[in-house]
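J.: Read off the chains here:
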Amino acid sequence: EAQVTQNPRYLITVTGKKLTVTCSQNMNHEYMSWYRQDPGLGLRQIYYSMNVEVTDKGDVPEGYKVSRKEKRNFPLILESPSPNQTSLYFCASSSDRDTYNEQFFGPGTRLTVL
Amino acid sequence: SQQGEEDPQALSIQEGENATMNCSYKTSINNLQWYRQNSGRGLVHLILIRSNEREKHSGRLRVTLDTSKKSSSLLITASRAADTASYFCANGGGSNYKLTFGKGTLLTVNP
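In order, the protein sequences belong to chains A and B. This note's numbering numbers the first residue of the first sequence as 4 and each following residue consecutively. This note's numbering numbers the first residue of the second sequence as -18 and each following residue consecutively.
Calculated directly from the structure, the hints in this document are not laboratory data. Where is the CB? At the ideal position from N, CA and C, for every residue including glycine. There's no promise every hint is true.
Claimed, not checked - Just the calculated beta-carbon pair ranges, DEER-fashion:
no.: 1; chain 1: A; residue 1: Glu65; chain 2: B; residue 2: Gly40; range: 40 to 48 Å
no.: 2; chain 1: B; residue 1: Val25; chain 2: A; residue 2: Glu33; range: 20 to 28 Å
no.: 3; chain 1: A; residue 1: Asn29; chain 2: B; residue 2: Lys7; range: 43 to 51 Å
no.: 4; chain 1: B; residue 1: Arg41; chain 2: A; residue 2: Lys74; range: 44 to 52 Å
no.: 5; chain 1: B; residue 1: Val25; chain 2: A; residue 2: Thr115; range: 21 to 29 Å
no.: 6; chain 1: A; residue 1: Lys60; chain 2: B; residue 2: Asn33; range: 26 to 34 Å
no.: 7; chain 1: A; residue 1: Pro42; chain 2: B; residue 2: Lys7; range: 39 to 47 Å
no.: 8; chain 1: B; residue 1: Arg61; chain 2: A; residue 2: Met30; range: 24 to 32 Å
no.: 9; chain 1: B; residue 1: Val25; chain 2: A; residue 2: Lys68; range: 35 to 43 Å
no.: 10; chain 1: B; residue 1: Arg22; chain 2: A; residue 2: Ile80; range: 20 to 28 Å
Unchecked claim - With a straight-line cut-off of 30 Å between C-alpha atoms, the simulated DSSO-like cross-links for lysine-lysine are:
no.: 11; chain 1: B; residue 1: Lys84; chain 2: B; residue 2: Lys51
no.: 12; chain 1: A; residue 1: Lys60; chain 2: A; residue 2: Lys74
no.: 13; chain 1: A; residue 1: Lys72; chain 2: A; residue 2: Lys20
no.: 14; chain 1: A; residue 1: Lys68; chain 2: A; residue 2: Lys21
no.: 15; chain 1: B; residue 1: Lys51; chain 2: A; residue 2: Lys60
no.: 16; chain 1: B; residue 1: Lys51; chain 2: B; residue 2: Lys37
no.: 17; chain 1: A; residue 1: Lys60; chain 2: B; residue 2: Lys37
no.: 18; chain 1: A; residue 1: Lys68; chain 2: B; residue 2: Lys51
no.: 19; chain 1: A; residue 1: Lys60; chain 2: B; residue 2: Lys7
no.: 20; chain 1: A; residue 1: Lys74; chain 2: A; residue 2: Lys20
no.: 21; chain 1: A; residue 1: Lys68; chain 2: A; residue 2: Lys20
no.: 22; chain 1: A; residue 1: Lys72; chain 2: A; residue 2: Lys60
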């Protein structure tokens, strides 16, 4: 089944404790992206990747890191999480970037930073 | 900044009625996409309409696009309780190949 998976689905942590949210897709997509969703603000892009070893900042990259060592994986790293990073996070992937095709979203990771 | 704006923010209808949601955007687009999100879940792609198209159908969904007014509408006909969800429009065409989402319309279909 074609899908985007994220782990963990739920995470409660404390300020400053490094964490990684994994994202994996099995559709051989070149393009992957991370979004965060907050009430009243909608979805905002954090980082994106056009292909392996190619990543760039989105609209709200502060406090986050990403890497793209393999085509299928795009982990989101919070080196020192803070309470304002409490949010619902979505990973998405897409193929055929030249025509801005539909994006496939993971199920989401609900992160709470205390 | 969010460039898509859905209207209304919330809509409550009875099963069997039609639901219409509108979306306005500010910049030029390559396409406009609509997504559905059930509470707290991932987004699911519904339909994509390209900038050179004016209307598109998919099952009970009908999407229109008016590039002169920078607006789109999503019509769900003969709604069902299972259609209860948030609906987002997304502007496909910005830099970074990203989608720029609106804040969504919360649709409630009462049985």
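J.: Take the hints in turn and mark each one as holding or not.
T.: Cross-check of the supplied hints:
1. A:Glu65 to B:Gly40: 40 to 48 Å: holds, 41 Å
2. B:Val25 to A:Glu33: 20 to 28 Å: holds, 21 Å
3. A:Asn29 to B:Lys7: 43 to 51 Å: With a Cβ separation near 35 Å, Asn29 of chain A and Lys7 of chain B fall outside 43 to 51 Å, so the hint is violated.
4. B:Arg41 to A:Lys74: 44 to 52 Å: Taking Cβ atoms as reference, Arg41 of chain B and Lys74 of chain A lie about 36 Å apart, which means the hint is violated.
5. B:Val25 to A:Thr115: 21 to 29 Å: holds, 25 Å
6. A:Lys60 to B:Asn33: 26 to 34 Å: Because 31 Å falls inside the window, the suggested range holds.
7. A:Pro42 to B:Lys7: 39 to 47 Å: Roughly 22 Å apart at Cβ, these two residues miss the hinted range, so it is violated.
8. B:Arg61 to A:Met30: 24 to 32 Å: Between Arg61 of chain B and Met30 of chain A, where Cβ atoms are some 29 Å apart, the hint holds.
9. B:Val25 to A:Lys68: 35 to 43 Å: violated, 28 Å
10. B:Arg22 to A:Ile80: 20 to 28 Å: With a Cβ separation near 24 Å, Arg22 of chain B and Ile80 of chain A satisfy 20 to 28 Å, so the hint holds.
11. B:Lys84 to B:Lys51: OK: Lys84 of chain B and Lys51 of chain B at ~16 Å, within 30 Å.
12. A:Lys60 to A:Lys74: holds, 18 Å
13. A:Lys72 to A:Lys20: holds, 23 Å
14. A:Lys68 to A:Lys21: holds, 11 Å
15. B:Lys51 to A:Lys60: holds, 27 Å
16. B:Lys51 to B:Lys37: holds, 16 Å
17. A:Lys60 to B:Lys37: violated, 33 Å
18. A:Lys68 to B:Lys51: violated, 35 Å
19. A:Lys60 to B:Lys7: holds, 22 Å
20. A:Lys74 to A:Lys20: holds, 27 Å
21. A:Lys68 to A:Lys20: holds, 14 Å
22. A:Lys72 to A:Lys60: holds, 17 Å
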